[in-house]
Structures are given as structure tokens and as C-alpha cells.
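Since the structure of chain A is already known, use the hints to place chains B, C and D on it.
Protein chains: 4
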Amino acid sequence: MKNITFIGLGNMGLPMAQNLINAGYHLNVYNRTTAKSEGLKGDFKVYENIAEACKGQDVVITMLANDETLYDACLGKNGFLEVLNEGAIHISMSTISPDASRDLFAKHKAKGQHYLTAPVFGRPTAAADAKLFICTSGEEEIKEKVKPILEIMGQAIYDFGNEPSAANVVKLTGNFMIMASMETMAEAFTLAEKQGLDREQVANFFGETVFNAPIYKNYGTLIAKKQYQPVGFKASLGFKDARLASKMALDAEMPAPLLSLVYNRLLSSLANGGANADWVEGIAGGVSKDAGI
Amino acid sequence: MKNITFIGLGNMGLPMAQNLINAGYHLNVYNRTTAKSEGLKGDFKVYENIAEACKGQDVVITMLANDETLYDACLGKNGFLEVLNEGAIHISMSTISPDASRDLFAKHKAKGQHYLTAPVFGRPTAAADAKLFICTSGEEEIKEKVKPILEIMGQAIYDFGNEPSAANVVKLTGNFMIMASMETMAEAFTLAEKQGLDREQVANFFGETVFNAPIYKNYGTLIAKKQYQPVGFKASLGFKDARLASKMALDAEMPAPLLSLVYNRLLSSLANGGANADWVEGIAGGVSKDAGI
Amino acid sequence: MKNITFIGLGNMGLPMAQNLINAGYHLNVYNRTTAKSEGLKGDFKVYENIAEACKGQDVVITMLANDETLYDACLGKNGFLEVLNEGAIHISMSTISPDASRDLFAKHKAKGQHYLTAPVFGRPTAAADAKLFICTSGEEEIKEKVKPILEIMGQAIYDFGNEPSAANVVKLTGNFMIMASMETMAEAFTLAEKQGLDREQVANFFGETVFNAPIYKNYGTLIAKKQYQPVGFKASLGFKDARLASKMALDAEMPAPLLSLVYNRLLSSLANGGANADWVEGIAGGVSKDAGI
Amino acid sequence: MKNITFIGLGNMGLPMAQNLINAGYHLNVYNRTTAKSEGLKGDFKVYENIAEACKGQDVVITMLANDETLYDACLGKNGFLEVLNEGAIHISMSTISPDASRDLFAKHKAKGQHYLTAPVFGRPTAAADAKLFICTSGEEEIKEKVKPILEIMGQAIYDFGNEPSAANVVKLTGNFMIMASMETMAEAFTLAEKQGLDREQVANFFGETVFNAPIYKNYGTLIAKKQYQPVGFKASLGFKDARLASKMALDAEMPAPLLSLVYNRLLSSLANGGANADWVEGIAGGVSKDAGI
Numbered sequence: 001m002k003n004i005t006f007i008g009l010g011n012m013g014l015p016m017a018q019n020l021i022n023a024g025y026h027l028n029v030y031n032r033t034t035a036k037s038e039g040l041k042g043d044f045k046v047y048e049n050i051a052e053a054c055k056g057q058d059v060v061i062t063m064l065a066n067d068e069t070l071y072d073a074c075l076g077k078n079g080f081l082e083v084l085n086e087g088a089i090h091i092s093m094s095t096i097s098p099d100a101s102r103d104l105f106a107k108h109k110a111k112g113q114h115y116l117t118a119p120v121f122g123r124p125t126a127a128a129d130a131k132l133f134i135c136t137s138g139e140e141e142i143k144e145k146v147k148p149i150l151e152i153m154g155q156a157i158y159d160f161g162n163e164p165s166a167a168n169v170v171k172l173t174g175n176f177m178i179m180a181s182m183e184t185m186a187e188a189f190t191l192a193e194k195q196g197l198d199r200e201q202v203a204n205f206f207g208e209t210v211f212n213a214p215i216y217k218n219y220g221t222l223i224a225k226k227q228y229q230p231v232g233f234k235a236s237l238g239f240k241d242a243r244l245a246s247k248m249a250l251d252a253e254m255p256a257p258l259l260s261l262v263y264n265r266l267l268s269s270l271a272n273g274g275a276n277a278d279w280v281e282g283i284a285g286g287v288s289k290d291a292g293i
Numbered sequence: 001m002k003n004i005t006f007i008g009l010g011n012m013g014l015p016m017a018q019n020l021i022n023a024g025y026h027l028n029v030y031n032r033t034t035a036k037s038e039g040l041k042g043d044f045k046v047y048e049n050i051a052e053a054c055k056g057q058d059v060v061i062t063m064l065a066n067d068e069t070l071y072d073a074c075l076g077k078n079g080f081l082e083v084l085n086e087g088a089i090h091i092s093m094s095t096i097s098p099d100a101s102r103d104l105f106a107k108h109k110a111k112g113q114h115y116l117t118a119p120v121f122g123r124p125t126a127a128a129d130a131k132l133f134i135c136t137s138g139e140e141e142i143k144e145k146v147k148p149i150l151e152i153m154g155q156a157i158y159d160f161g162n163e164p165s166a167a168n169v170v171k172l173t174g175n176f177m178i179m180a181s182m183e184t185m186a187e188a189f190t191l192a193e194k195q196g197l198d199r200e201q202v203a204n205f206f207g208e209t210v211f212n213a214p215i216y217k218n219y220g221t222l223i224a225k226k227q228y229q230p231v232g233f234k235a236s237l238g239f240k241d242a243r244l245a246s247k248m249a250l251d252a253e254m255p256a257p258l259l260s261l262v263y264n265r266l267l268s269s270l271a272n273g274g275a276n277a278d279w280v281e282g283i284a285g286g287v288s289k290d291a292g293i
Numbered sequence: 001m002k003n004i005t006f007i008g009l010g011n012m013g014l015p016m017a018q019n020l021i022n023a024g025y026h027l028n029v030y031n032r033t034t035a036k037s038e039g040l041k042g043d044f045k046v047y048e049n050i051a052e053a054c055k056g057q058d059v060v061i062t063m064l065a066n067d068e069t070l071y072d073a074c075l076g077k078n079g080f081l082e083v084l085n086e087g088a089i090h091i092s093m094s095t096i097s098p099d100a101s102r103d104l105f106a107k108h109k110a111k112g113q114h115y116l117t118a119p120v121f122g123r124p125t126a127a128a129d130a131k132l133f134i135c136t137s138g139e140e141e142i143k144e145k146v147k148p149i150l151e152i153m154g155q156a157i158y159d160f161g162n163e164p165s166a167a168n169v170v171k172l173t174g175n176f177m178i179m180a181s182m183e184t185m186a187e188a189f190t191l192a193e194k195q196g197l198d199r200e201q202v203a204n205f206f207g208e209t210v211f212n213a214p215i216y217k218n219y220g221t222l223i224a225k226k227q228y229q230p231v232g233f234k235a236s237l238g239f240k241d242a243r244l245a246s247k248m249a250l251d252a253e254m255p256a257p258l259l260s261l262v263y264n265r266l267l268s269s270l271a272n273g274g275a276n277a278d279w280v281e282g283i284a285g286g287v288s289k290d291a292g293i
Numbered sequence: 001m002k003n004i005t006f007i008g009l010g011n012m013g014l015p016m017a018q019n020l021i022n023a024g025y026h027l028n029v030y031n032r033t034t035a036k037s038e039g040l041k042g043d044f045k046v047y048e049n050i051a052e053a054c055k056g057q058d059v060v061i062t063m064l065a066n067d068e069t070l071y072d073a074c075l076g077k078n079g080f081l082e083v084l085n086e087g088a089i090h091i092s093m094s095t096i097s098p099d100a101s102r103d104l105f106a107k108h109k110a111k112g113q114h115y116l117t118a119p120v121f122g123r124p125t126a127a128a129d130a131k132l133f134i135c136t137s138g139e140e141e142i143k144e145k146v147k148p149i150l151e152i153m154g155q156a157i158y159d160f161g162n163e164p165s166a167a168n169v170v171k172l173t174g175n176f177m178i179m180a181s182m183e184t185m186a187e188a189f190t191l192a193e194k195q196g197l198d199r200e201q202v203a204n205f206f207g208e209t210v211f212n213a214p215i216y217k218n219y220g221t222l223i224a225k226k227q228y229q230p231v232g233f234k235a236s237l238g239f240k241d242a243r244l245a246s247k248m249a250l251d252a253e254m255p256a257p258l259l260s261l262v263y264n265r266l267l268s269s270l271a272n273g274g275a276n277a278d279w280v281e282g283i284a285g286g287v288s289k290d291a292g293i
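Heads up: the protein sequence lines correspond to chains A, B, C and D, in order. Numbering-wise (our numbering), the first sequence opens with residue 1 and increments by one. Numbering-wise (our numbering), the second sequence opens with residue 1 and increments by one. Numbering-wise (our numbering), the third sequence opens with residue 1 and increments by one. Numbering-wise (our numbering), the fourth sequence opens with residue 1 and increments by one.
Extracted from the complex, chain A is given alone in its bound form (with noise of 0.2 angstroms):
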């Protein structure tokens, strides 16, 4: 298990290839822009076609944009799910639907293959550091043969037990809570300034003390200085968790009007030309708008 197939070397994929890299391991790369991979060094090799990337081998991982791009490395023409090895494991690693999982998981199960789902959080920078946080569902023989490869790119794991669509589950939600804790700050330091405050002294008073978590601390600098630049995260892709955590309140019946505020803020983003513009800016830049500042 020293040779593994890497797809999606974005601002998360490039530097947990290139820790893998370090560790050893031997890579098949691939991007839908090749240039990225001029980002790499070490032992790996570029790859033009997905199939090519993969044949023969037992270990994919996909890091990914959206349920769309994965399938169609998947299952689309020239996909890897015809041409990698009987007993081989695909690690799933982007923010991606249940229903996603779930149907992945049977596919490669009818073709004596396994999948496992593996969604991160973390930023560009903690992936970089090897610091993510993993979470992990499904067969748990496979979570074990997996964890050296985890390991070398996440500071911890965290499984929820055998479903394959729970993990996503879990990275949805907490997308939300980010979204959402982005509406509370911008919400709370903007009602500060207008009340005459330095929206950065109250955001660092609570960002030192009872909301001295990341989010709250970087999100937090970011929202208080109106700082939307460099693009972290883009708002479309802000955007898409929402709507993937909104098809899990659906099926799940569940209303969830707070889901549905960040909802319509980023929405009400693209409709206004946002979709590139980061997601902070999206919720951030949205309630600052409403409220003529």
C-alpha cells in the first residue's frame, strides 16, 4: 500500500498529497488543471487521464469539489471505478452529499471494492501543517488499514461507526455551524460598531475569552477588519454545503430556520455576483449591506 492515487490537488488536496509524499509514499496524481501539480516535489507522478491514474491500484483518494466532480471521476468516462484492483479502497475525503456516500459505497461494493468516508476540517494552512481534524464512517477492517495513511495528514480521527453517509453528515453540520457562527459575529460586531464600539476590540475580547475557539478567533479578525481577501473559501462552495445540509433537514424532516438564514444570505450573494467572492464576505459583507455600513 506504498503506491496511492491522489485526485484533486485544489488549496486542500495539494498539501495533504505533498505530507504524503513526505512520508514515503509513492503518488499518481491527477488534476483537471494539470499545472497544479508543478506545486508537488518529491516521488509522484502526473497523470492526464483518471483511468491511466489508476489502474492497478488500491488506493485512491479524492479530495474533491463537489458530488458532481467526484462522480464523474468515479463512474464517468474514463473513471476509476472499472479499473482499479479487486479489494481495492477509495478514501472519500471531499465535503460531499450523504446520498453521495451512500450510493458510492454500493458501487464499489458491487465491484469487490471498498469506500470509505474520510471528510476533513481544517484550512489550506492546518492541511499543510498536517493538522486536520478526520472523520471517518463505514467498514471498520477498512478504517483500520487506512488509519498510517489518515495519520500522516490529520492530527486526529474521529469515526462514526459503520454508515457510510454519517461522516458527511457530521462535515455538513459543522459547515453549518461555521456559517452560522459567521452570522453571529457579523451580526454582533456590527450591532457593536453601530452602537459607537471598535469592532475589533469586542471581537477580540471574545475571541480571548468565552469564544476563544478557531472559528470564533480566525473567522472572527477576519469579519471584525471587513478582511475578504485573499479567498479562502469560495461562497459558491459556501453555498453548495448549505443547500447539501438543507437536502439532510429535508430528508430528515427537520426545520431548521437558521440553517435557512445562511442559506439565503449566501444565496442572496450569488444573485449579486458573489459566487467567487469568499464566504465570509458572503454572510459578513451580506449583514453589513443590510445594515448601511
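Simulated from the structure, these hints should not be mistaken for lab results. Quick caveat, the model's predicted, so the values are computed rather than measured. A few of these clues could be false.
Identical chains blur together in the list; that is why a pair holds if it fits in one copy or across any two.
[Stated by the list, open to error] DMTMM-like mimics (lysine to aspartate or glutamate), calculated; alpha carbons at most 25 angstroms apart, straight line:
| no. | residue 1 | residue 2 |
| --- | --- | --- |
| 1 | K55 | E163 |
| 2 | K247 | D67 |
| 3 | K131 | E208 |
| 4 | K225 | E253 |
| 5 | K289 | D251 |
| 6 | K111 | E139 |
| 7 | K147 | D198 |
| 8 | K289 | E200 |
| 9 | K45 | E151 |
Chains B, C and D alone, transformed into the frame defined by chain A:
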């Protein structure tokens, strides 16, 4: 200044007063329900009349439930405004409206006295451990004078300038953030539960990783376990704060939909007989009820 | 064209079919629950198989509960797409998604057949009295051809152009407006009641004056009296429409917070076991419950 | 009783006063901006001082912008409470808070005078045509006495009992319903527009069919055309009513999320400099802005 009158021996006031006694201060204490003072030990004297408790004093600390109670203590029949020494300092630590602080600051000033705003963050256990975070605003000279007193009760003092109302704005903004975080967690954990996951496991994961702040750990556990007893902070008091925050938002022309959401959540709790339930139940119980679990 | 197949004899379909029979048409009828056809009188024939009911027909009218049922009738095993005559017309009167109409229009066209979108506004009594408002969109020539048929069922036909999905957009938009009006009245009458007024008197006042439209008179009376029996339109069907409207809003990048509000209101009703209750109860009952009355 | 003092010659008050003059009453009139009285014709006298305009009168009608202005006219320096005859009647037709009516009722009573609550529904053109709907509450005997006066100004009088505040509750509830209807139409027409339909055609359809009430026809046309000039009713006045309705909801422990939605919508309009824009623009313009059109 080793003599202080302390008014309000509730869940918070009692341990705060005890810490002052332990530090060598002599306290005159008053509480509407006199029996509360039985919880104190050491050098103090109980009064059944505010004016008598404050006559000729240089420092009075108030820790009361709301604007109305504070106004009554300060300006009512037997109120302390008329009996304090010239130059005396009123340290106002209750969670009250910015309007009240502006007004009382002026009224004390007209008497040659001083008013310092100093609300706190922290629960009763934090008060007992002298681990409160204290926010101040008002006259610089007065802050210097009372610093030794405040340091006995808190782990850190954060100052927000000269405007008497500023620290109240921070306190109410913070309580809004706490309520919004409860709504966030309640929706998140309920969504996870309805998707088949264990809500406690999900809460623990977030409390240990990206949301590892006291608010998320402490309230997160209560919300995950649906544990609403014993009552730590009443829904009626939580709603009071949502109402004061809404008034601030109105005055500042600040549309705040998430604030409106938690305001309505708690108002619904009150309308359904939950005024004396814990505010966690007011919010998280409402999310559960809407979700049919 | 005096032979028509009518599929779907529910609360709406039955009186619509009866009006066609009364006007001299011979009907082949199909309903999943065959017993429903016992309500019909005159010249018609009951089938237990859709394909047989449609074989060699030139006109088929569908009045079904949702996309899935319509797809099954049209494209499923024993579906009618394969058995209609070339040049045949499918008049699609159900409340379905714009996507479904676009898709079925194309599928009929590929078979040399025609698809006309023609959803209706009105309750079962309006259907019985041939007082429905019918919205159409699709091919001009086909509209002209079926005009005599539609005029038998409705008091007026409103056309929305050539795009097959347009009339569905109008229908779903209208059902959103009805749900929003129910929320409006429920909040208004409950507020008046909690302020000590007679909610029926208040409802009558508005229904006779500034809000003297059928929606406000009819639903207003039900909401004022909290009269939720008999069930006229199920909450599960109302939610289906809220869901389809939300999908339209998503596709159009349209943030719609009031739509989200009624969507969550009905979803909460479903989550609490109210799928088969009237949608008026789903919305107005939720307002009452939140208000503790 | 052929002598009446009329205070407040705004868009509504002016035509109402004219109708009284036309019916043979002699009017003493007062308006803060005296020039407004130039619009009147016939038997009236203009005063620049309220007390002089009311001295020795038996009937005074007030039609003012808000609680504050009414209080000033009634109780301020040169206010009329002190100068009216014993037994005089104050017909209070402004849109004010229930609290204000309860308070003024008591203050007049203490002077041996009477206070009748009589707010109106209708726009300036309806006032000119004497087509207002007038809601009353208060003392039965007084209602009988002033009936001839009210009938000159309105097409119908609806009575809501003895409680002085009841008619205010109805008026504010109605204004909430109008604002909610504007939000409903704005979201509906914008959704239809973004789905490719003609929003005017959609508005016309609903205004002619299921929503054929004045509110939907009149405001519907403005919203469909995005026609916000001339200003008929200022957003600042609309927000005042949303604020008063929210205060009623607070007092009655009534969670009203749709009221919160339109409240925030108008507050955002004010925060963005739109206080003097029409309330239709305040609401519908906000929906458009969020939708990026």
C-alpha cells in the same frame, strides 16, 4: 475603601461578595430576600433597608436582575443615591440597558458621585473561583481606583472606554452571541440526531476540535443531553437580554435577523409557560419541539 | 376529439371529469384507487391499467399528486407515452415542477406528440362549479385546439406564453402566496386574540374591507375559527409545493425568506405527525402552538 | 356639535377635514406647518396655537403622525387637555400605540372629558372620497354621539368594543398584514421574474383572480412595476407601525416571525437612507436588492 455595600446576593452576587469578604473587605449587604445572606461567611453585616446599608459609604456594588430593580435600589424610596457620600462610587455590574447606564451616570454625577459600568461574563462557578471576565466603561480615574476591587472578583478586566453605556453594549452583544450559539448547536445536533447519529458524540467532537470554547463545551453538553436541570439562568432573564439587545438594534438602525430568531424562540418559550425554565431549554427545547423529537 | 382519457380522480379530478362528461365527452378514466370512479355519472369507462385507458387516444388529461406519480403514469410500465396516437395531446393539469414540464414536453415531442401545461387555481367546490382559473403555457396551436375542453372546466384561461414550464411557475408562485397569506392571517389573528380581541371579528373585518379576496375570506374564516376539519388539502401536499417553490428559487438564485418561513412551518408540521392534516392546520396550528394558545 | 377642532392636515387629515367642512361643520384647524391649510376651502379658521384652536370646544379630532406628536398636542405646553370644555370628546384617529390610547383615555376621563379611538384604513384618495373604513373602540354613548361625524368621513364604521386600545390593535394588526402582503408579492413577483416570466402579467393574474382585493391590486401594481414614486406613505412611518406592532407582540407574549421579517426589512431600508422613500420601496426594493435585480 475597605468598606463596601453589596446589593444583590443572587447566584452571581453571593460568590462575588464572598470573594470580597475573603480578601479583607467589610461588607454591608442587602438582598430583597434577606435569607440569601445566610450563604455568606466572615466579616459582613446584613441590612433590611438599602438606604441604611449605604448611608455614608464610599463604594456600592450592585448585581441585580434588571433595570427596574436597579432603578428602585438607586432612586426608589430608601434608594442609595441620596445617602452615599460625596465622591462615592457606584460599581454597576448587572446586565442592564445602555440607556440605564447613561441615565444613572448622569444622576450620580449631579450628586457629585461616580458611576462605573462593570458587567461580567461567567457562570456562578466562575464567580466562585474569581474567574469572571469583567468589562468596564466610564471615567478613567474611577477605573483606577476600583481596580483592586474588581481584580478580586475576576480573572481579567477588559476596558471599553469612557462612554458609560459601552460595557453594557458588550455584555448584551455577548449574551446575544451565546443565545445564537445555543440555536446553532440545537439545530446542528438535532439535525445530526434525525440523520441517525448520536448527538452527544457529535457535540463532543465539535467541543474538542473546531469549537473548543467554553460556550460550546458547556452549553453543548447540556444541549446534546437535553439536560435542562438544574436551572442555571432563567429563560425570562435570557429573554430580557434578547429584548434589550433588540432595543439596541432598533436604536442603532441595525437589522439583525438572527437576533430576531432567538428573541422569538425565547418569547415562544415564555408564552408556553417556560419563564422559569433554563434558557437552554427555552432555545434548545424549542428546536426539538419544532423537529418533533 | 370527443374522446378523452382522464387520469387522476382525486378531490379535484373527479368534479373536473364530471364536467367533461356533462358536456358530452366520452371519458376513459383511470385512478389508482378504482373505487373513486364510483363518484362519476354518465358516459365513461373505467380502466385498471393506464396503457389500456390511453391506447389510441388523442387527448389525455392528467390531474395527479406530484411529479413522481405523473412520471409513473406517463413513462412507467404501462405508461401512456408509448400508446398514445401520433399527434396526441397531453394536458398536464397537476401541480408539478417546472423541470418536469420541460422534460415531459421534450419526451412527448420526440414521439410526435404534444404536451400542454395547464394547472388550475380553485378548490374542489370551484372545480364542481366549473369556476377554476386555468393557467396555460406551451404551443400556441395546441392551446387553440384544447380551448373548448379547458373552457368546460374553468371560468377563465390565462396564458403565459410558449415556455412549457411557465404555467407551473405561476401555479407554484400562487401556492406560495396562499401559504404566506395563511401565515399572515394566523400571526395577525393570534396577535389580536392575545391582545384581548375576538379573532373572528377581526377576521371578518379584514375579509369585508381591505382584504376582501377569496383567499382571505375563505382561509380567514378557517384560521379565525381554528377549524381544521374536514381536510381540504393535506399539509404534505402543501409542503411539496413549498419544496418545489424553493427549488425554483434555488435555480433562479432567489433568496426568499418568507418562503423559507412557510417551508419550515409545514416541515415542522410534518415532523410532528401532521402530514395528513389540512395545510391550514399545518401553518395556523404552528403559529398557535408557538404562541401557547 | 357643529363646531370641531381638527388637528393634523397631512395627506389624510386634509381631505378628511374638507369633507367635514363640506358637510356643514365649522372647523378650527391647526397644523404644525400652517401653509398646509391653504389646501382647504370653505368655512374654517386657521390657528397657530393648539390651545387657542381648542379653547371652549366640545369636539377635537386628531390625525397625527405618531404617539409623540399626539402627546405634545394633547398634553404639551399649549396642549388641548386643559382648555377643552367639560364633557368634550377627543376623537383620536391617528395610528398610535394601544398604550397611548389607554393612557389618554384615563387622562381625559380625569378631566371629565371623553376619548374615542377611531383609526382608519384607506389611502388619501379614499379619504377624499369619504370611503375610509373606520374602526372604533371606547364608550358606547360617545360612539353614538359622534357617529354622524364619522359617517361623513368613512364608508363604514366597525366597532371593537369598550376597551380604548382595541381599535388601535386592529389598525396596527392591519398594517402588519399590509406589510406582510407586500413582502409576499415582492418575493412572488421577483421569483417569477427570475424564472423568466413577466412580473406585471403575473401580478395582474393574481389581482384579477384569487387575490382580487384592493391591497393586492393597488400595491401589486406598484410592486410589479417597481414604481416607488410618488411617495404615498413613508418607510419611516411604516417602520413605526412595525415597531408598535412588535411592542404589542412583546406585551402579549406573541412570537411573530413574519412580523420580525418585515420589521427588519424596513429597518434595513431606514439604515440605508430610505426613511423618506415609500414603504413599498422599503419592502419590495429590499427583496429586489437581495435578489440582485
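Hint by hint, which ones does the structure fall short of? Of the numbered hints, just 1 does not hold.
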